[in-house]
Amino acid sequence: MAFFGTYTPRLDDKGRLFLPAKFRDQLKEGLVLTKGQEHCVYVWSLDDFAALTRQAQKASFTKRANRDFQRMLFSGAAEETPDKQGRITLPPVLRTWASLERDCVAIGAMDRVEIWDAGAWERYADATEESYAQMSEEVMPGIE
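By my numbering, the letter at position 39 of the sequence shown is numbered 39, and the numbering carries on one by one without gaps.
None of these hints come from the bench; they were simulated from the model. Since the model is a prediction, treat every value here as computed from it, not as a measurement. Wrong hints could be hidden among the right ones.
What the hints assert, rightly or not - Here are the simulated BS3-like cross-link-like pairs (lysine-lysine), alpha carbons at most 30 Å apart as the crow flies: (1) Lys-22 - Lys-84; (2) Lys-63 - Lys-28; (3) Lys-84 - Lys-14; (4) Lys-84 - Lys-28; (5) Lys-35 - Lys-84; (6) Lys-84 - Lys-63; (7) Lys-35 - Lys-58; (8) Lys-63 - Lys-35; (9) Lys-28 - Lys-14; (10) Lys-35 - Lys-22.
Said to hold, decoys possible - Ranges of calculated distance between the beta carbons of each label pair, as one might list FRET restraints: (11) Met-72 - Met-135: 20 to 30 Å; (12) Ala-78 - Asp-25: 15 to 25 Å; (13) Glu-101 - Arg-24: 33 to 43 Å.
Beta carbons are placed, not taken as given, at the ideal position from N, Cα and C, and that holds for glycine.
Make the full structure from the sequences, and use the hints.
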């Protein structure tokens, strides 16, 4: 399963957001929302979050960086099931974390969806765009 594409849903007054139609089938059984890096919200399928949890459990808790990462990731986690219309409710702690108020951007990021404040996403994309070509050499050497 892979998520891709960029969509622009809006939060309603109750903190609900329509999942993009392209993502709904993969997440209809349930999902986990949690704090993402760069102050976005990660959206994981239940299976992918379970795999992430198993991986995190293998990290030694005696290392401070591991404990810090686990605390941030799991303390903000919330399980949701989309309603019949494909809406999910983002908990206040996650809306605050990602500065989500109204206009949002939902991007597919391979194994997860990321929900960003529209302005924050625009600033991030603008800042990262120039180094995109160089990143491919580092992240995926040998890709043609």
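Hints, one by one, checked against the model:
Of the pairs offered as hints, the one joining Lys-22 and Lys-84 holds, with about 15 Å between alpha carbons and a cut-off of 30 Å not exceeded. With a C-alpha separation of about 36 Å, the suggested pair Lys-63 and Lys-28 falls outside the 30 Å cut-off, and the hint is violated. Restraint check for Lys-84 and Lys-14: satisfied, since their Cα atoms lie roughly 16 Å apart, inside the 30 Å limit. A threshold of 30 Å between alpha carbons decides the hint, and for Lys-84 with Lys-28 the separation of about 9 Å falls inside it, so the pair holds.
Of the supplied pair hints, the one linking Lys-35 and Lys-84 holds, its CA atoms being roughly 25 Å apart against a limit of 30 Å. Under the criterion of a C-alpha separation no larger than 30 Å, the hint pairing Lys-84 with Lys-63 is inconsistent with the structure, at around 43 Å. A threshold of 30 Å between alpha carbons decides the hint, and for Lys-35 with Lys-58 the separation of about 20 Å falls inside it, so the pair holds. With a C-alpha separation of about 21 Å, the suggested pairing of Lys-63 with Lys-35 holds against the 30 Å cut-off.
Of the supplied pair hints, the one linking Lys-28 and Lys-14 holds, its CA atoms being roughly 20 Å apart against a limit of 30 Å. Under the criterion of a C-alpha separation no larger than 30 Å, the hint pairing Lys-35 with Lys-22 is consistent with the structure, at around 22 Å. The supplied range of 20 to 30 Å is met by Met-72 and Met-135, whose beta-carbon atoms lie about 24 Å from each other. With their beta carbons about 21 Å apart, Ala-78 and Asp-25 fall inside the hinted range of 15 to 25 Å.
Between Glu-101 and Arg-24, the C-beta spacing of about 23 Å breaks the proposed range 33 to 43 Å.
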